[in-house]
Amino acid sequence: MGLILWIVFGALVGWLASIIMSTDAQMGALANIGVGIVGAILGGWIMSLLGYPGVSGFNLYGLLVAILGSIVLIWIVRMARSGAVGH
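Residue numbers (UniProt numbering): 1 to 87.
Simulated from the structure, these hints should not be mistaken for lab results.
Ideal Cβ positions, reconstructed from N, Cα and C, are used throughout, including at glycine.
Treat each hint with caution, since some may be false.
To be verified - Now the in silico label distances, taken between C-beta atoms and shown as ranges:
(1) A29 with R78: 18 to 26 angstroms
(2) S22 with G51: 26 to 34 angstroms
(3) L3 with G28: 15 to 23 angstroms
Start from the sequences, fold in the hints, and give me the full structure.
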């Protein structure tokens, strides 16, 4: 059951982040799931650096942390594709 919840959570988070970052038309369901799951991990890491807990479960705080991480992930990918990283 845990894996299915992570997939649903990742899909929701990835979809919301792609809407916020205006990339929804370019991303499919699998990309949204991947962005959401990796974004949750990235958001948890960012919050731990700031001294806050990461994604602590399937709750509003976890959703917000995961969306933050997903937005950062989309931004990083966008910068990498435009060639802005490394210059």
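(request) State the violated hints by number, sorted upward, taking the hints as numbered earlier in the document. (result) none
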